[in-house]
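Student: Chain by chain, the residues:
2 protein chains.
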Amino acid sequence: MALELLLILVGAAVILAVACAALNYFITKKLKEGTDRMQEIAAAIRVGANAFIKYEYKIVAIIGSVVAALLIAFVSWQTGLAFIIGALMSAGAGFVGMKIATYANVRVTNTANETRDTGKTLKTAFRGGSVMGLCVAGFALLGAVIVYAVFGIGCHQINDVIGTTKPLWTNWTGLDAGFTMTLSGYALGCSIIALFNRVGGGIYTKAADMGADLVGKTEAHIPEDDPRNPATIADNVGDNVGDVAGLGSDLLESFVGAMLSGVILGCELYAHQALLTGQVQLLKTLLLFPMVFSGVGLIGCVIGIFYLLLIPLKKNTNVHMQLNIATWISAGVSVVGCFLLSFFMFKDFNTEIMKTALGFKAGNLSPWIAAILGIAAGIIIGIISEYYTSYDYKPTKGIAKSAKEGSALTITEGMATGMISCMLPVIVLGVAIYGSYAVAGMYGVACAAIGMLSFVAATVSVDTYGPISDNAGGIAEMSFLDPEVREITDQLDAVGNTTAAIGKGFAIGSASFATLSLLCSYLYAFGGIDAVGMVTLNIVNPLTLVGAIVGAAIPFMFSGMLIQAVAKAARHMVEEVRRQFREIPGILEGEAKPDYKTCIEISSRGSLKEMKIPCLIAIAIPVVSGFIFGAEFVGGLLVGAIIAAIMLAIYTGNAGGAWDNAKKFIESGGVEGVKKGEEGYDGVHDAAVVGDTVGDPLKDTVGPSLDILIKIMSTISLVMVVVFYKYNLFSVIIK
Amino acid sequence: MALELLLILVGAAVILAVACAALNYFITKKLKEGTDRMQEIAAAIRVGANAFIKYEYKIVAIIGSVVAALLIAFVSWQTGLAFIIGALMSAGAGFVGMKIATYANVRVTNTANETRDTGKTLKTAFRGGSVMGLCVAGFALLGAVIVYAVFGIGCHQINDVIGTTKPLWTNWTGLDAGFTMTLSGYALGCSIIALFNRVGGGIYTKAADMGADLVGKTEAHIPEDDPRNPATIADNVGDNVGDVAGLGSDLLESFVGAMLSGVILGCELYAHQALLTGQVQLLKTLLLFPMVFSGVGLIGCVIGIFYLLLIPLKKNTNVHMQLNIATWISAGVSVVGCFLLSFFMFKDFNTEIMKTALGFKAGNLSPWIAAILGIAAGIIIGIISEYYTSYDYKPTKGIAKSAKEGSALTITEGMATGMISCMLPVIVLGVAIYGSYAVAGMYGVACAAIGMLSFVAATVSVDTYGPISDNAGGIAEMSFLDPEVREITDQLDAVGNTTAAIGKGFAIGSASFATLSLLCSYLYAFGGIDAVGMVTLNIVNPLTLVGAIVGAAIPFMFSGMLIQAVAKAARHMVEEVRRQFREIPGILEGEAKPDYKTCIEISSRGSLKEMKIPCLIAIAIPVVSGFIFGAEFVGGLLVGAIIAAIMLAIYTGNAGGAWDNAKKFIESGGVEGVKKGEEGYDGVHDAAVVGDTVGDPLKDTVGPSLDILIKIMSTISLVMVVVFYKYNLFSVIIK
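So the sequences go chain by chain: A and B. Terminal number for the first sequence in our numbering: 762, no gaps in between. Terminal number for the second sequence in our numbering: 762, no gaps in between.
Hints were generated in silico from the structure; no laboratory data involved. Hints may contain errors.
For identical chains, the list gives no copy identity; a pair is met inside one copy or between any two copies.
Result set (SDA-like, lysine to any residue): computed pairs, CA atoms no more than 25 Å apart in a straight line [what the hints assert, rightly or not]:
#	residue 1	residue 2
1	Lys595	Ser92
2	Lys691	Thr344
3	Lys57	Lys147
4	Lys431	His712
5	Lys56	Ser92
6	Lys341	Ile380
7	Lys431	Glu251
8	Lys639	Ala96
9	Lys382	Asp63
10	Lys424	Lys595
11	Lys244	Phe371
12	Lys595	Asp419
13	Lys431	Glu246
14	Lys691	Trp355
15	Lys421	Lys595
16	Lys620	Asn345
17	Lys57	Val362
18	Lys85	Ala465
As the structure is a prediction and not an experimental result, all values here were calculated from the model.
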């Protein structure tokens, strides 16, 4: 079979996805916006979100240009250019997805208002979300196809590369840029946008949220999304820049990272062998499989998404079930497609060669089994985090109960739950890593990551539909619509929160797998392989050990800085809201209009200012320490950072989620003796609000950013490895 | 020089130290106790502490017997017996030190009351503390000397061991127990007592403290140590079982761990070489140096301690300065002694052999330089934690300021500070690890640990004097003595808190160094050495990698369980205190006597019940997973656990300390606009109290227990390694 034809399949999937995204974009935009007040509020949110993203992209453009210039100067022009393509794809997906989200929100409100039909409202919200979902996967693959095509380092150049007698990694400097290097550049471009969007958006959204809550709920005792609260529009803007644009770029980055780590590993694992055995076709297959698998997954997602958009829904449809069906269809097509690809693409190769050279213990189905293990791990981790954070189970109920004893024990209990919750997911992760390795070698670990993300378009659609519904509810509240409208949007929003738990399992799982693949690629690149061709890193080499210890402190420091950034920005917001309550007469009676714009500006300015240092640190530490202490040190640094970041990501995510839901449990009257209206309820609720407020930046800013932190650290190290393996201060001094 | 003579020096140091401890014990006991009320309160504290420690030792005796039986059955009778000796030494030091602390406390109050002389009171308190200090180092060395002497595996047997043609580690099974194995058994015995004393004591003291504060301060608004609070005696008992007995066994364990990791490493590093080159004398020197160095350090401490007890002190002496002088004298003698030992003991050996075989780059002074690096690292880490936790500096001031915005931001700010504070100590640690390795190989890393702990008797004396003064203050308060008495004891107590910061630097530093040495010994033991004799552990071997990821979750889970344990016990205490306030009429007016005894029982029962599972997990995980997955997995497990535990220990220690001092800063009127008595002060103070309460179990239960966790995990793995390297389920299945 002509393997090149499969690339056409990928191209077709990309065109299909982007066309569907465009279709849904314009259908959504054509819907009616509702009353003047609704239009006015929606416009305020839209203007705020656009302004922020433009400012942010300006900053990123400057930093990105510097990085691109450095890459061109020190690595290769191909890498630099691929970096720019990656950055554009990621930035584009974030921008388009956010744009449509700010159009969709008010239209969801209006659909709910006009039809009072949950099914129709669900469709409007999901159509908006699907634009982001399809753009994420479509743009990611589009960029990869462009990189393959433009640089001609796809299949038709592999023969040239193999034609040399040197292993690939010795070709990695100067203009003679290798295959993997250019791809790493592409991944790095996606990463850098993801880092800034996640961190900037995360700070923005939580600063607005905390600011609104701290004064609104705690001091003025007005409800969420109350139009009297000056920070309420900023809060809604935050949902768009954080939970939509941030999440989109983040998952685009994960998707690219997983896919390319497979390609790069395939290249490094086997290029040398292919050279010796002449099995060029197998090498080609290894390099194409991740892309084709991703393409098939994307087609599956288009089917799943349009299933939900096209089937007739009842007025009181079961939202949760419908979303699940859409996701399961997408995942099912991916899994079946992967089986067929794995079966046919690897069918004609010698089983013995695959076993010895690649560790494919289960023959041509090895990559598929590894992918299944990855998907299973993602689902189980999601279920575990559901257990620790949902108020249907003991841990969160325990936190809610401890709120009776005040805020200190609420915090203590939530911390403890988060810490304990690290063990089970990590065991699942461990089993999946070992299993996918046992069945398909290091390539299998990459396949597991690709498996988790193969139906990313569907999961992102669901993830984006959540904040759109959240925003829609806010607009309903602020436009004084019938409470029934709010009920419909609240229902959609609540389901979004539940499905997000599984999404988190995939996020942390795929980040771990992809990062480990990247780490292995990194180690291959500087020749860290032992006598039997196994990649190695001796952790008790003192330089590596010190690297690991220092590396483990990076996620802690990064997390601490993000928390402080949120707190700092939130504090300014608190002051501004207090000032408005104090200085604008009649504001709390609803007679005077609050100054929303100043609040939006404070959140924007604050997050743009505060995001720079943590982001730059994430990029600079591996590069600078690589130049000073060399590649072994950075290897240790990555190991330490990955291990610590996985723990902190699970801890912050679960502790934050548990606090959030403990509060909701109390509000829903779940704790005995302190139902709403009963004596002592306020005290207990206040204690729970403290927990929720502490958890907010942990789960929505720190947790998601940690995934990117380790990926960008690994990617940038991979891009730079040859440079600082050869030229580092330390080896000069020692020698 | 006859090396054996040096062992006599160690023996003399032991006899000197124990004799001095006995002398101070009886001098202290002979002092007067004061009024009837004082005697009554002191007796209540003493009875409570004794009852707890007896119960605890009963539980430990059962678990210890099981472990000893298993060691005898599976490893060797020597290891089992050495284990028992270690357990007895550690338990003995904890018991004696706690006993005298419960005698000293009331005598300190009485000295202050009778003399109103800070100098004299300081002497009484320090004399009491010195008993613990001298016992810790004395008993530790005594046990080591016994193990050397009884088993005859000291110097005179080395020749027999070397007489075989096999490397040492192949001799490690059955009755043919090797040298290192028996020593590991001794260290394990000390560890197990330390684990239970630290964890049990830590839960006890914080349950009582939190229970007393949560109702007393927050609800009833009565001050600390108020006799109307039923939990107040339990709180004082807690100081003795947690901060005295727990700390004593902990540091005894660190001391033994550091010393023996040096001996074991010396043996493993060089036994093989000694066999080949016939340099038996150098091997003997390597094995004796750690013990002799420790002995000399102990003599230094006797000098330092008696300097403070014997010089005349002014009535208003500068307590801080006097304690520092005593510590510096002890440290100075240790450093000078180490220089002389290093110079003379290693003088006659071939520099080239030491360089190539051991990595002694600086010739015979290499061990000394490594020790200096360790001491310097400990001091700098202490200063850094001082920076992050003292209210003289920005971070803690920032937390205090954020209390103005409520408890949520206080918690957030403290968390962030704790997380950020991980980086600098870890860099210092890294530099010291790399430096001591560069100058004296892996043996140098052990020497750095020994250096930090060589003057442990002095630091423990100071550390113990703190809780004695704290207790003395409590007794003064409860006995309605003149406020001036309380002022004197408060002054002593405050200085104790400051000096404790440096102590923490040594605790985490020495734990890291000792654990890394133990890890290397572990890797040597199963032959994890590469072609050039360098010890190796390939972290990207999938089994090891999975081990590292799972291992990193252990400290998180362990911490979470401890926090929950404290919260659970504290909750019972809260209920009991509330019950007494409700049911005993006149209790808050001081007319009726609270039921102290029930509170003591609750704390005892709670901590004894709650300590078991976390402790058993710490012991069981490495053993069980070793039997199932083998030695490589456990190697990864240890690496992951060590890295995560170092981070969490720094994080919890600094966050907790900062919250504590932020509260004190507010109380001292440091925050503008909210001085005591001003409007809004109560709200700000309450927010700070929440931070302090959250921080309490972090800094006093979790942080110190993490040090022991990684040490006991490493020690038990080292003892068991040969067993599960040969017999594990996984290798059976795979093969």
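Student: For each hint, tell me whether it holds in the structure or not.
Tutor: Hint check results:
1. Lys595 / Ser92: Neither, since 29 Å and 55 Å both go past 25 Å.
2. Lys691 / Thr344: within (24 Å within a copy, 57 Å between copies)
3. Lys57 / Lys147: Close inside one copy (15 Å), not across copies (87 Å); limit 25 Å.
4. Lys431 / His712: both (9 Å within a copy, 20 Å between copies)
5. Lys56 / Ser92: For Lys56 and Ser92, the Cα distance exceeds 25 Å both inside one copy (33 Å) and across copies (75 Å).
6. Lys341 / Ile380: Neither, since 55 Å and 85 Å both go past 25 Å.
7. Lys431 / Glu251: Both: 23 Å inside a chain and 23 Å across chains, each within 25 Å.
8. Lys639 / Ala96: This pair counts as within: shortest intra-copy Cα distance 19 Å, inter-copy 59 Å.
9. Lys382 / Asp63: For Lys382 and Asp63, neither the intra-copy (67 Å) nor the inter-copy (83 Å) Cα distance is at most 25 Å.
10. Lys424 / Lys595: between (31 Å within a copy, 15 Å between copies)
11. Lys244 / Phe371: For Lys244 and Phe371, neither the intra-copy (59 Å) nor the inter-copy (72 Å) Cα distance is at most 25 Å.
12. Lys595 / Asp419: Intra 34 Å, inter 21 Å, cutoff 25 Å: inter-copy only.
13. Lys431 / Glu246: both (20 Å within a copy, 13 Å between copies)
14. Lys691 / Trp355: Classified as neither; 28 Å inside a copy, 56 Å across copies.
15. Lys421 / Lys595: between (34 Å within a copy, 15 Å between copies)
16. Lys620 / Asn345: For Lys620 and Asn345, the Cα distance exceeds 25 Å both inside one copy (38 Å) and across copies (62 Å).
17. Lys57 / Val362: neither (35 Å within a copy, 81 Å between copies)
18. Lys85 / Ala465: Neither, since 46 Å and 46 Å both go past 25 Å.
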